[in-house]
Amino acid sequence: MIFKRGLSAALAAAVLSLALTAAGAAGVESPATAPAARKSPAASQERMKAWQAILAKPSLAVAVAFDEGGRLWRVANRDGYLLASHSDDLGRSFSEPRRINPEPEAILGDGENRPKLVVSRGVLHVSWTRGLSGPMTGDIRYSQSRDAGRSFSVPLTINDDRDIISHRFDALVADERGRVALAWLDKRDLQAAQQAARPYRGAAVYVAESHDGGQSFAANRKLADHSCECCRIGLASDVDGVPVALWRHVFVDAAGQPIRDFALARFDVAGQAITRASEDGWQLNGCPHHGADLAIDAAGRRHLVWFTGAAGKAGLWYRHGDGSAWQAPMPFGEAGRQPARATVRTLASRVVVAWQEFDGQNLYLRVMQSSDRGEHWTAPATQASTTQAADYPQLLVGRGQIWLAWHTAAEGLRLFALTPAPTP
Amino acid sequence: MKRMPHVMKLRVLLGLLGLLAWPAVAQAEAQVRPFVSGSLAAIRTAHAGQPFILSLWSIDCSHCPKELAALGALKKAHPRLRLVLVATDNGVPPTALAEYVAQHGLEAAEQWVFAGEQDERLRHEIDPRWWGELPRTYFFDAAQRMEGVSGLVPLQRLQQWATAAGR
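Which chain is which? The protein sequence lines are A and B, in order. Quick note: the first sequence uses the numbering used here, first residue 1, plus one each step. Quick note: the second sequence uses the numbering used here, first residue 1, plus one each step.
Accuracy of the hints is not assured; some may be wrong.
The calculated BS3-like cross-link candidates involving lysine-lysine, where the alpha carbons are at most 30 Å apart (straight line), are [what the hints assert, rightly or not]: (1) A/LYS39 with A/LYS57; (2) A/LYS116 with A/LYS57; (3) A/LYS222 with A/LYS39; (4) A/LYS222 with A/LYS116; (5) B/LYS66 with A/LYS39; (6) B/LYS66 with A/LYS222; (7) B/LYS66 with B/LYS76; (8) A/LYS313 with B/LYS76; (9) A/LYS57 with B/LYS66; (10) A/LYS116 with A/LYS39.
Just so you know, the hints here were simulated from the structure itself, not pulled from any lab data.
Using the sequences and the hints given, assemble the complete structure.
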C-alpha cells in the first residue's frame, strides 16, 4: 500500500515541482523586484523532495462565507487551483467551480495554514499561502472578485520580501469601509539574524493593509518580532475598523526558556507594545501547530479562544477583554478527548464557540453559546460527528444568523444554523 | 573500451550507477514502514524487555532537524542505542524521508511514517495526552513504561538516558 501511495505521490510531486520551479522564479508581480533575484537558503535535496510531496497532498480545507445577499460562497483547493463556487440553497448544491488562480500553484491547505475567504460589500476576498521550493517556505497570495465570482483578479504576492523563505499562515479581514488587511508569519528577520550569526526567537508577524477595497496595498509592516513559527493567526476588525491580531508568541521566562503563550495587538500599536493575551506558561522548545481565534463584538469586546499544552492546564480556553480589563480564562472542552481547533464568532450580543473532540474512534463537532456577550454559557453540545478526517470547524454570519460549517471526508460540507440558545 | 563512443560509455556508466543505486532505493523503501493502527503494539513487542527511544518528527517542523541531529550524535556515541523514528508526514514518499534521515547519521534507526488512517487516530493510539506538538519523544524503559517529552530534549537528558540504558 505504501509503495503505491508513494508512487502516485511522487508523480504528483514531480508535476508540482515543475510548477514550483517556474513559480519560484516568476511569482513576482511588483516591478521593483527582478524575477531571478530570489535568495534561497540551502536545503538538502531530500528535504526539498519530501516538502514537495507534502505540498502535493490533496487538501480537505475549504473556506466558506455568506455574502450580504445570503448566498453561500465556498473556496476549495484542488490540483493546484483554488476553486470558487456558490450555493443559494444553503450548501445543498453548488455552482460550477471557477478557478481563482490562472496558473497552478502549490496551495497550502493542511492544518493550520489554509485558504481564507471574506465577502464584504459584494467583493470576494481570497488569500492563501503558496508553497515554494524550499521546505516550509511560502508566499502570501491574494485575489478578489468584483463581479460576483465571474472573474478573479490576477493574484498578488503580498509579502514584499521575496526570498524563498517562510511567509505563511495568512489571515484576512475586510470591512464595509473598504479596508482589507492581511497578517502572516514571516521569517525575513530570522533569516537576517542567521546570516549575521545572531540568535532570533521564532518568526515575526507582518501585516499589509489596503484602504481601497484590496486594489492596492501599502508596504508591509512588522507588527511584532518573536511569534511562534507555525500556528494560525486570529484576525478581526475593531469597532473603529483597525484590525486586531491574535497569535502564539514566544515569550521568555526568567530562566531564558521559550514560553509559547498568546499575544494580541491592534495594527496601530506603537513600537511593538503587544498585549499578553494568555498566561498559560507553556514552556516548549518545539512546534505546537495549534493557534487561536479572535472575534470582536460591536461594543469592542475581544473574545479569544486558544489551545495550550501547558502542564496542568492542557486544552482549550476562552476569555474576553474590554480595553485592558481581561476576564479570567475559562476552560472548555473535554480534556480527555483531544479538544482542538476552536473558533469563535459574535453577532450582536451572541457569542458562539465551536471546536472538535476525538474519543479514539470518532471526531465530534462541539458548540457552546452565550447570549450575553460571553458572561454565561450553555453546556457544550455535540452538533455532528464523523468517522473519518475533518476540516476545521468554521463559524459564519449570514442571513441574520450564525452558522457552523464542517467539511468532512465522509459527509462533505455540512452547514448548521445555530439558533440562539437561552443561557442559564 | 578506448575506442568506445562517448554515448556508449555514458550508457554503461548510467547503467552501473542505476545498478548501484537500486538496492539503496529498495532498501530505503523497505526501511520506512507504514505506521498504522496496531503499529505501536508491534514496536513494543519487537523491543520487549529493552529500553528504547521513540521519536516523532515531521518535515514540516522547524525544530525537528535539531532533534534529529541530537539523536544522530547520540546514536554515534551509543551505537547499541535502540531508536525508533516515526515521521508524522502521512503520504510523503518513504525514500525522501529515509534519505533525509540518513543525512543526520540515523540510517540505522528503525523508521516509520504515519500512513492510511487519519492522524488523530494514530496520535490517540500512541498517547491520548499528546496534543500533536513536535518533536515529541517517548522514553521506554525495560519494563516498557513510557514517558513523553514535548519539544527538543535537553542533550544532558538524552546522554544520561542512553548511558543508563546501555548498562
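For each hint, the structure was consulted:
Of the supplied pair hints, the one linking A/LYS39 and A/LYS57 holds, its CA atoms being roughly 26 Å apart against a limit of 30 Å. For a cut-off of 30 Å, the pair hint linking A/LYS116 to A/LYS57 stands: about 19 Å separates their Cα positions. Of the pairs offered as hints, the one joining A/LYS222 and A/LYS39 holds, with about 20 Å between alpha carbons and a cut-off of 30 Å not exceeded. Between the alpha carbons of A/LYS222 and A/LYS116 the distance comes to roughly 21 Å, so the proposed pair stays at or under 30 Å and holds.
At roughly 23 Å between alpha-carbon atoms, B/LYS66 and A/LYS39 fall within 30 Å of each other, so this suggested pair holds. A hinted pair counts as satisfied when its Cα atoms are at most 30 Å apart, and B/LYS66 with A/LYS222 qualifies at roughly 28 Å. Among the hinted pairs, B/LYS66 with B/LYS76 is consistent with the structure: their alpha-carbon atoms are about 15 Å apart, no more than 30 Å. The hinted pair formed by A/LYS313 and B/LYS76 fails the criterion: a straight-line CA distance of about 38 Å is larger than 30 Å.
With a C-alpha separation of about 25 Å, the suggested pairing of A/LYS57 with B/LYS66 holds against the 30 Å cut-off. Proposed proximity of A/LYS116 and A/LYS39 is supported: the alpha carbons are some 27 Å apart, at most 30 Å.
In summary, the one numbered hint that this structure violates is 8.
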